[in-house]
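Colleague: As a plain string of letters, each chain reads:
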Amino acid sequence: MDLRLDRISHSYGPVEVLSDISLDIPAGEILCIIGPSGCGKSTLLRLIGGLERADAGRVLQLGTPPPDCLNPLTYIFQDFALLPWRSVRGNVSLALEDHALTASRKAEIITDVLVRTGLADFADAVPKQLSGGMKQRTAIARALAVNPAVLLMDEPLSALDAQTRELLIDDLVALWSRQRFTGVYITHNLGEAVRLGHRIAVLSRRPGRVREVIEIGTALDSRTLGDPDLDAIQRKLWHMMRDEAAAADRELA
Amino acid sequence: MVQHRSRDVPFRGGGFRPARIRGVGLAVFVVLIALAEWGTRAGWISPLTLPRPSDVLAIFGELLATGRFWDHMVPSLTRLAVGSALGVSTGVAVGVAIGLFSYVRAGLIPLVAALFPIPKIALLPLFVIWFGIDEGSKYALIALGTFTPTVVATYGAVDNVDRTLIRMGQSFGLTWRSIVTKIVLPGALPGILSGLRVSLAIGIILLVAAEMLGAEFGIGAFILQAGSLYDLERLFAGVVILSALGVATSAAIGALERRLLSWRS
Numbered sequence: 086m087d088l089r090l091d092r093i094s095h096s097y098g099p100v101e102v103l104s105d106i107s108l109d110i111p112a113g114e115i116l117c118i119i120g121p122s123g124c125g126k127s128t129l130l131r132l133i134g135g136l137e138r139a140d141a142g143r144v145l146q147l148g149t150p151p152p153d154c155l156n157p158l159t160y161i162f163q164d165f166a167l168l169p170w171r172s173v174r175g176n177v178s179l180a181l182e183d184h185a186l187t188a189s190r191k192a193e194i195i196t197d198v199l200v201r202t203g204l205a206d207f208a209d210a211v212p213k214q215l216s217g218g219m220k221q222r223t224a225i226a227r228a229l230a231v232n233p234a235v236l237l238m239d240e241p242l243s244a245l246d247a248q249t250r251e252l253l254i255d256d257l258v259a260l261w262s263r264q265r266f267t268g269v270y271i272t273h274n275l276g277e278a279v280r281l282g283h284r285i286a287v288l289s290r291r292p293g294r295v296r297e298v299i300e301i302g303t304a305l306d307s308r309t310l311g312d313p314d315l316d317a318i319q320r321k322l323w324h325m326m327r328d329e330a331a332a333a334d335r336e337l338a
Numbered sequence: 009m010v011q012h013r014s015r016d017v018p019f020r021g022g023g024f025r026p027a028r029i030r031g032v033g034l035a036v037f038v039v040l041i042a043l044a045e046w047g048t049r050a051g052w053i054s055p056l057t058l059p060r061p062s063d064v065l066a067i068f069g070e071l072l073a074t075g076r077f078w079d080h081m082v083p084s085l086t087r088l089a090v091g092s093a094l095g096v097s098t099g100v101a102v103g104v105a106i107g108l109f110s111y112v113r114a115g116l117i118p119l120v121a122a123l124f125p126i127p128k129i130a131l132l133p134l135f136v137i138w139f140g141i142d143e144g145s146k147y148a149l150i151a152l153g154t155f156t157p158t159v160v161a162t163y164g165a166v167d168n169v170d171r172t173l174i175r176m177g178q179s180f181g182l183t184w185r186s187i188v189t190k191i192v193l194p195g196a197l198p199g200i201l202s203g204l205r206v207s208l209a210i211g212i213i214l215l216v217a218a219e220m221l222g223a224e225f226g227i228g229a230f231i232l233q234a235g236s237l238y239d240l241e242r243l244f245a246g247v248v249i250l251s252a253l254g255v256a257t258s259a260a261i262g263a264l265e266r267r268l269l270s271w272r273s
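Order-wise, the sequence lines are chains B and Z. Mapped onto this note's numbering, the consecutive letters of the first sequence carry residue numbers 86 to 338. Mapped onto this note's numbering, the consecutive letters of the second sequence carry residue numbers 9 to 273.
So that you can see chain B by itself, here it is in the shape it has in the complex (with noise of 0.2 Å):
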């Protein structure tokens, strides 16, 4: 299933956020979406994913979502939004009781996403005891779990620390080369950008429009840190918008 944005215009109040994006977004394709703070990433990505309305424009979805996923459209918050009171399998398993699956359905996609996040050991463990690399990975599995068309992700990685961020760009790439899954990836570090991006779209300052995209074509699995094509690329990106966030940053909200 292929995403499209056609013409998409959002204000909130007088204020405009965004104005006039147009974004392909192919299946088994992640995009990634930066921009400088406040131009209207993560409003794009709550249109994109029907949290929110757009005023003008529309999200259309190409062909359809294949039969075994429960929920096309899924998100991977900034801040987890994992239930405090719910343990790692039961943060999994919420994702799955709005649905006719059996019990021993559940269990085995819930063991299986588990162990593909490498949380098996955790499955008992409550919010409060994990690291925050292990609860975004506790997201991330509620997101596996119900086999998405789309994952949506709002700067995932932008709670954690840079260890931690690496550690968990090393996943996303392990997990994608496993099951292309599509993505739309917003973040605002350009690092991430350049690691988990087939194509990056540069928005500028508010109202937030398409400025470029740029196309990386190194396999995902092949980049690595520190790579000199990649930092070019970073580099390039950060000459394209440093005077933005510049002006972005010397603006009242």
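No wet-lab data here; the hints were simulated from the structure. All values derive from a computational prediction rather than experimental measurement. Careful, some of the hints might be misleading.
Residues on chain B that point at chain Z, a partial pick, calculated with CB under 10 Å [to be verified]:
#1 Gly-134
#2 Phe-165
#3 Arg-174
#4 His-184
#5 Ala-224
#6 Val-231
#7 Leu-237
#8 Arg-308
#9 Leu-310
Simulated restraints on C-beta separations [to be verified]:
#10 Trp-184/Z - Lys-213/B: 35 to 43 Å
#11 Ala-260/Z - Glu-101/B: 51 to 59 Å
#12 Gly-148/B - Gln-178/Z: 43 to 51 Å
#13 Pro-125/Z - Leu-186/B: 46 to 54 Å
#14 Ser-62/Z - Ala-210/B: 50 to 58 Å
#15 Trp-184/Z - Gly-148/B: 28 to 36 Å
#16 Lys-213/B - Phe-225/Z: 45 to 53 Å
#17 Leu-186/B - Gly-262/Z: 33 to 41 Å
#18 Arg-266/Z - Asp-209/B: 14 to 22 Å
#19 Gln-178/Z - Ser-262/B: 24 to 32 Å
#20 Glu-101/B - Thr-189/Z: 47 to 55 Å
#21 Ala-260/Z - Ala-192/B: 36 to 44 Å
#22 Trp-184/Z - Thr-309/B: 44 to 52 Å
#23 Leu-186/B - Leu-123/Z: 20 to 28 Å
By construction, the Cβ of each residue, glycine as well, lies at the ideal position given by its N, Cα and C atoms.
Dock chain Z against chain B, hints included.
Modeller: Just chain Z now, with coordinates in the frame of chain B:
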């Protein structure tokens, strides 16, 4: 090379960190009671100002021996249990409804604000007409008294449930019912339980008030009789029972919180 004197960096980070210290609360009670006992025995507190603690204790012995203790306790505890169960359960239901539905919120918050400051005891004559002179009016009084603070605490708690968790529930396509029962209600539980502390304390106050205005048995009636006879020992015995009731309900809610809210960090 200049010689420098070395000294420790002064520590400035102490205090402002409440620690749990056991036994101090009990010690305060013991010291105060011992002072009262000493003063009344030595004579620098006259028996008209304060009853001797050992005499109050003797009253308890007498009450227990004659069985009068339970004659007063059972009706009081029943009234408190029935009245506050009614008030708290409807209060939680109305509070959740206010938290979830904008129309209910718009319609009921002004009404609750109007009911809250009314001294409920002033309504007792009205309740006597509506619900009869016996138990009904007492249940109604305690129920109304516990209802308003429960409503306010509950809708506040529902409002404070982390919106990102609700968004998360919606993003996974959970049903409205699931979002309410699995996300909103557990998330509001801490606020509801701390509201319960206030509500039950108000319930105890109203229990006594109701029993002072027309009851043969009950702690309120017992205190009223003792008061009108200036029997300070019995009066204090009644007051001690009320304090104990307050401590017991608060401890019960504390235990409930530790059990149900162990997930809090």
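Colleague: Give a verdict on every hint.
Modeller: Hints, verified against the model:
1. Gly-134: holds (6 Å)
2. Phe-165: holds (9 Å)
3. Arg-174: With Cβ-Cβ at 14 Å, over 10 Å, it is violated.
4. His-184: holds (9 Å)
5. Ala-224: Since chain Z brings a Cβ to about 9 Å from Ala-224/B, closer than 10 Å, the hint holds.
6. Val-231: Holds, because the Cβ-Cβ distance from Val-231/B to chain Z comes to roughly 7 Å (cut-off 10 Å).
7. Leu-237: holds (8 Å)
8. Arg-308: violated (29 Å)
9. Leu-310: violated (31 Å)
10. Trp-184/Z - Lys-213/B: 35 to 43 Å: violated (28 Å)
11. Ala-260/Z - Glu-101/B: 51 to 59 Å: Cβ of Ala-260/Z to Cβ of Glu-101/B: about 55 Å, so the range 51 to 59 Å holds.
12. Gly-148/B - Gln-178/Z: 43 to 51 Å: Since the Cβ atoms of Gly-148/B and Gln-178/Z sit about 24 Å apart, the hinted range of 43 to 51 Å is violated.
13. Pro-125/Z - Leu-186/B: 46 to 54 Å: For Pro-125/Z and Leu-186/B the Cβ distance comes to about 52 Å; the hint holds.
14. Ser-62/Z - Ala-210/B: 50 to 58 Å: holds (54 Å)
15. Trp-184/Z - Gly-148/B: 28 to 36 Å: Roughly 29 Å apart at Cβ, these two residues keep to the hinted range, so it holds.
16. Lys-213/B - Phe-225/Z: 45 to 53 Å: Hint holds: Cβ distance 48 Å, inside 45 to 53 Å.
17. Leu-186/B - Gly-262/Z: 33 to 41 Å: At roughly 40 Å between Cβ atoms, Gly-262/Z and Leu-186/B fall inside 33 to 41 Å, so the hint holds.
18. Arg-266/Z - Asp-209/B: 14 to 22 Å: Given a distance of about 20 Å, which is inside 14 to 22 Å, the answer is holds.
19. Gln-178/Z - Ser-262/B: 24 to 32 Å: holds (31 Å)
20. Glu-101/B - Thr-189/Z: 47 to 55 Å: Violated - the Cβ-Cβ distance for Glu-101/B and Thr-189/Z, about 39 Å, lies outside 47 to 55 Å.
21. Ala-260/Z - Ala-192/B: 36 to 44 Å: Because 37 Å falls inside the window, the suggested range holds.
22. Trp-184/Z - Thr-309/B: 44 to 52 Å: Cβ of Trp-184/Z to Cβ of Thr-309/B: about 46 Å, so the range 44 to 52 Å holds.
23. Leu-186/B - Leu-123/Z: 20 to 28 Å: violated (47 Å)
Consistency with the previously given hints fails for numbers 3, 8, 9, 10, 12, 20, 23, ordered from lowest to highest.
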